[in-house]
Every structure is written in structure tokens, then in C-alpha cells.
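**Student:** Construct all of the structure, not just a fragment, from the sequences and the given hints.
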Amino acid sequence: MTTTVAPEARPAERRTAPAAPTAVRRRRRRRGDALGRTGPMKYLAHAGVWLYVLLLAAPLYYLVISAFKRNTDIFNQPFSPFTPLTFDNFGLAFSQASLGTAMLNSVYVTLGAELVTLLLAIPASYALARSKGAVGRMVERVFALGFLIPGFAALVPTVLLSISLGLFHTREFLILFLPASALPLTVILLTQAMRAVPAELEESALLDGAGPLRVLWSVYVPLSVPTLTVVAILNFLSFWNEYFFSLVIIGPDAALRTAQVALPTLSIANAAQYGVLAAGIIITLVPAYLVYAVFADKMESAVLAGALKG
Amino acid sequence: MTTLTTPHRPSPDSPDRAGSPAPRRRRSARVREAAQLSATLPALIWFLVFTVGPLVSLFYFSTVNWRGLIAPRTPAGLGNFERLFTDPVVGLGAWNTLLQLVVSLPIVVLGAFMLAYYLSLKPRGHRIMRALMFTPVLLSASALAMVFVGVFAPKGMINGLLDAVGLDELARPWLADGTSALWAIIIVTIWCSLSVSAIMLAARLNSVDESIFEAAEIDGAGHWRRMWQIAWPICREFIGVVTMLQFLWTLFASAAVVLLLTRGGPGNATVTLSFLVYDFAFNQSKVGYSQAVAVVLFVVGVAGILLIRRAFRQKY
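These protein sequence lines map, in sequence, to chains A and B.
Start counting the first sequence at 1; every next residue gets the next number (UniProt numbering).
Start counting the second sequence at 1; every next residue gets the next number (UniProt numbering).
Worth flagging that the hints you see were computed from the coordinates, not collected in a lab.
All residues carry an ideal CB built from backbone N, CA and C; glycine is no exception.
A few of these clues could be false.
Unchecked claim - Distance windows between CB atoms, simulated:
#1 A:L213 to B:R67: 45 to 55 Å
#2 A:L54 to B:W95: 28 to 38 Å
#3 A:P84 to B:A221: 48 to 58 Å
#4 A:L54 to B:S38: 51 to 61 Å
#5 B:S38 to A:L145: 13 to 23 Å
#6 B:L307 to A:G48: 25 to 35 Å
#7 A:L104 to B:A215: 48 to 58 Å
#8 A:G100 to B:L170: 36 to 46 Å
#9 B:L132 to A:T83: 22 to 32 Å
#10 A:F87 to B:V302: 47 to 57 Å
#11 A:T83 to B:L167: 18 to 28 Å
#12 B:W224 to A:L54: 18 to 28 Å
#13 A:T83 to B:F59: 52 to 62 Å
#14 B:S38 to A:F87: 32 to 42 Å
Said to hold, decoys possible - Listed next, the stretches of chain B that the computed footprint assigns to chain A, with coverage defined by at least 3 CB atoms under 8 Å from CB atoms of chain A:
#15 36-46
#16 141-149
#17 253-264
**Tutor:** Okay, here's the thing in C-alpha cells:
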């Protein structure tokens, strides 16, 4: 029979225990017995999941080991991790695709767009959170509808807009344009967070003679930091990884293009050399992985927030 | 500014104590609301200029003859749309898009849900799984395509693997072969989105009150029944959201995968509608025509969203 009651409470449980002691203890079973009662089906479930994990891991494993191999070793011993270690691929990736410049361009565009997004979204969310009238609800609905707009459909008109603004083939247009696609979700999430700010805090700040800007800066912003972080991570990922608009608007100029646009040029330059390309992929992944490593606990809620689109 | 008079926000609907000053106070409340909401103006203007504007002009551009971004435009009425329905390349693109959706959507949504349920049981190794499944979330479209350039290359991972197990007669240039190229693209989209969707659904399942599952367990429901008859209905609306995201992603974002892996080739074997929007406009100097495809794509996208939302409406 399965053990439904774990006798000893592990530290992890104890932390959550006060909320619902019985419920938590019941659910956590012995490790490895998670599919307890399912009988032979459980082996099928385990096998299926691990097969998927293997299929998921295989290309990533191949990517990582290839980046540190010489080209001949990639062909002769494609799956062995024990071939002579080389870092030449990374140097070649940097020089062939001017990845250094491209990474700096990506940082410029990403941080610029992030800044513009927050500058636009924070005051808007503040106003929406404080407003209780019909107009406020209408504005909120406009942003909610924004989720339904797939930006890619408007690729060509957006290029045209950049031409008419005199910003075609510049990174600055992307800094202005990308926030627009991020605004709906950012504004909605921030508004929800700011609504949760207790009115008493604002009242006492007002009594102390603080103006609306001061209230925003010293009451609302500090209290919405958790949501701000989630939103910032989400936007960082989508700005850093943006490909199509960077490709058609900034263009192929090596001095201006972003990392995501520079990366594929490595595959054309090295038709039969996966090592250099693999090194390039890893280089462009580093910033995203750093964000993941630093904010690992926030990442899941960021992805979940991303799913609220719709 | 020093407003010491009314520290709390008067809500416009609140019944006033005295009858006479009511209209004036109501008007001042409205003025105050307008002043307050002016802070949303920059964001709204941004949204209108960069999102709504291009989208609206899309419909205009779909009705012109237009051979290049800086070439003059001449009106074409609905001619572009008439051409769409007889163009074999567009037909192929529509078929490929449909195939991609029909194959990948069920696999991704059902598979991701089962994976998420499995993860929510916290079995041995679930942390490693989670970390691994997060990697596709971090990959950009171009990095994703480049990973699979190595996998499908003539001397790449798959052929190396076939060689290693002695099945080298099955080896082929996967992306240069008409039938396998399209399946390769579909596999790439599934590989990426299965784990992304599973991560989202696992997060949703974590928030379900566990006592519900315990009650079912005590009543003798196995995992299979708990998964489909309890977890699924509870997450129904959220599964709809994930389906919608997956639908939009397949419809639009797969253009980058096609562009970078096959450029629509060999021949036109792997063109999709979203790839054609790009290809017609930037490689074939048929800008107006490409916008007609974009309009069709947009309409399909909105219709799909509404359909999915309807299908997954919460039933209790």
C-alpha cells in the first residue's frame, strides 16, 4: 500500500505548515513514490516523461559539447564529451560576426526599451490604480485589448512608420517601438499591484504634504517592487530575444545590428562548422541565463504573468 | 501642490450628504479624475502610434499595388485578395500552416498538461526537469533555429546518431528534403513550446488547493482520473490561455524558424503564411500583396483566439 501520511515533517513543510497543516503533510509523500497508486501505468508515465526529457536535453547537450570541440572532432566523435578542449570557437564567433559590438547593441536596445517602458507604464498604472471612474475602466480595457494584437502582422506598416519618422536603420526606433508591444501587459500587472497599496499609507503621505509625484515615488513604487521585478524580467527577455523587427528595421549593418541578428550570419559563414555557431549561441544566451540565475525564484511567476496575455 | 483639504479620494458614485452642492462636487470629481488620468496619456499615445496605427494602416496597404517600400503606390481595390485565392504558393503556405497547427497544437497542449501534472507531483528529479525545461523559455527565435541547424545538418546530430547505431542509410539532408523539411520545422516548434507550456501549466497547478486532490484520492480516484476529471476542469480557463498563446506563436513566430532553417525551401515546400508576409514584402517586392496575406493572417488569428476562448470557457 502507499503511504499517504508522511510521519516526519521536513523543513520545507514546516515553513508552509501553519496555513494548512493537515493538507500539506498528507500530500507530500515519500520521494519517488509520487505516482503511488497507479500500478503498472506509473512505469509508463515515468518512462514517457524521461524520454521527453532526453529528447529535450539531446540538442542542448550536442550544442554545449560542440562549442568546445574542434571541427574534426565534431564529425568523428559527435557525442563524446572527452575530446580535446578548445576555446577557439568562441574567439572565432566574436570576430566573424562582430558579436562583441552586436551584444553591446542588444544591451543598448534592451535597456533603452526597458527604461522607456517603465517611464510610460508607472505613471499610467498609478493613475489607473487610483481612478475609480468609468473613464479609468475604459482606459484599462483599451490596454487589455492590446493583448489580442499580434504585432507580427503589422511588420511592414511598422517599417514604414520608421521610415516616415526618419528612424529606419536605427536602433533608436526599436527603443521607441518595443515598449509599445510590452505596455499592455506591463500596465495591467502594475495596476493590479498598485491597487493593493493600502489607502491609509497614501493618506498619511498626503497629510504630510506630499504631492502626487512624491506619493508615487515614495509610496507606490517601493510597494510594487515585486511586480516591477517580474515585469522587468519579462520585458528583458522579450526585448533581448526580439528577432524579426530588429532584422528588418535595424538591418544587417554590422555596427548597428543586435546579437540575435548577428548570430545567424555565423551559420552562413560556417556552412559545415557547427562549433563556431554553437559558441555563438552560447554567447548570446549568457545574458538571459544570468537573469535566470539571479532571479530563479521570480522566473516562474514571470512566465506565468506572460501567460496572462489573452 | 498642497491639497490639504480632502485627503481621501472622493468616489464619484458616493451619495452626497447634502443635496445642493452635489452637481458641482460631482463635476469637480470628474475633473479631478480627468486630471489624474492624464498620466495615462503618454502610454496611450505610444500604444496608438506604434501598435494601433500600423495595424489599421495594414488594411489600407492590402488594397494597393506596391512594388517596394519606397516605390509609389497605386490603388488595387480587392485585386490583391482575389489573387490570393488562385496563387498556388499561398495555397501551399495555408496548407502548411494548417498542418503545423493541427499537428502541434494537440500534442503541445495535451502533452504539456500531462507533463505539468507529473511535475506537480514533485517526483524524483523534478528540479532537474524544471531547470532543463526552462532553457527553451530563454532561447530567442534565432538561437532556437541555430540550435537545430546543428541537429538537422547533413553532418549534424541526427545523422551522427543514425551513423552510430548503424542506420546510416536512413541519413539524409533533413532540411533540404521536401517532406522531411516541413516535419523538421514542426518538430522544432513542438520541442520548444512543449516545455514552455508545461512550465506555465505547472505553475498554475501549483496554485490549486491540494485538499481537492486528496478528497479524490480518498474516494479512490487514480492519477489518470484525477488528472483529466479534476485538474483539467479546474485549470480549464488557463489551459485555454496557453492554447491561445501556442496558437499565436505557431501562427506568427514560426516565420523566424522557417526563415532561418529553410528560407521556405526546398522549392516552396516549407512556406507558411507568416513567412510569406515577410518574403513577399522584403524579397519579392510585392509589398501590397504581402499585406493582403497579413490581413488574412490577422483575421485568422483573431478568429482563432475567439474560438479557443469559447471552447475553453469555464464550465462551472
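**Student:** Indicate whether the distance between the beta carbons of B:W224 and A:L54 respects the range 18 to 28 Å.
**Tutor:** holds (23 Å)
**Student:** Determine whether the Cβ-Cβ distance between A:T83 and B:F59 falls within the hinted range of 52 to 62 Å.
**Tutor:** holds (56 Å)
**Student:** If you check the beta carbons of A:P84 and B:A221, does the distance land in 48 to 58 Å?
**Tutor:** holds (56 Å)
**Student:** Is the gap between the beta carbons of A:T83 and B:L167 within 18 to 28 Å?
**Tutor:** holds (23 Å)
**Student:** If I claimed the Cβ atoms of A:G100 and B:L170 lie 36 to 46 Å apart, would that claim hold in this structure?
**Tutor:** holds (41 Å)
**Student:** Quick check on a hinted range of 47 to 57 Å for A:F87 and B:V302, using CB atoms only.
**Tutor:** holds (49 Å)
**Student:** If you check the beta carbons of A:L54 and B:W95, does the distance land in 28 to 38 Å?
**Tutor:** The hint (28 to 38 Å, Cβ to Cβ) holds, given that A:L54 and B:W95 are roughly 32 Å apart.
**Student:** Taking the beta carbons of A:L54 and B:S38, is their distance inside 51 to 61 Å?
**Tutor:** holds (56 Å)
**Student:** Counting residues of the region 36-46 of chain B whose CB is closer than 8 Å to a CB in chain A, do you get three or more?
**Tutor:** Coverage by chain A holds here, the residue count being 9 at a Cβ distance below 8 Å.
**Student:** Do B:L132 and A:T83 keep their Cβ atoms within the hinted range of 22 to 32 Å?
**Tutor:** holds (24 Å)
**Student:** Taking 32 to 42 Å as the stated bounds, is the beta-carbon spacing between B:S38 and A:F87 within them?
**Tutor:** violated (56 Å)
**Student:** At least three residues with a C-beta closer than 8 Å to a C-beta of chain A: is that true for the region 253-264 of chain B?
**Tutor:** holds (count 4)
The earlier numbered hint that this structure contradicts is number 14, and it is the only one.
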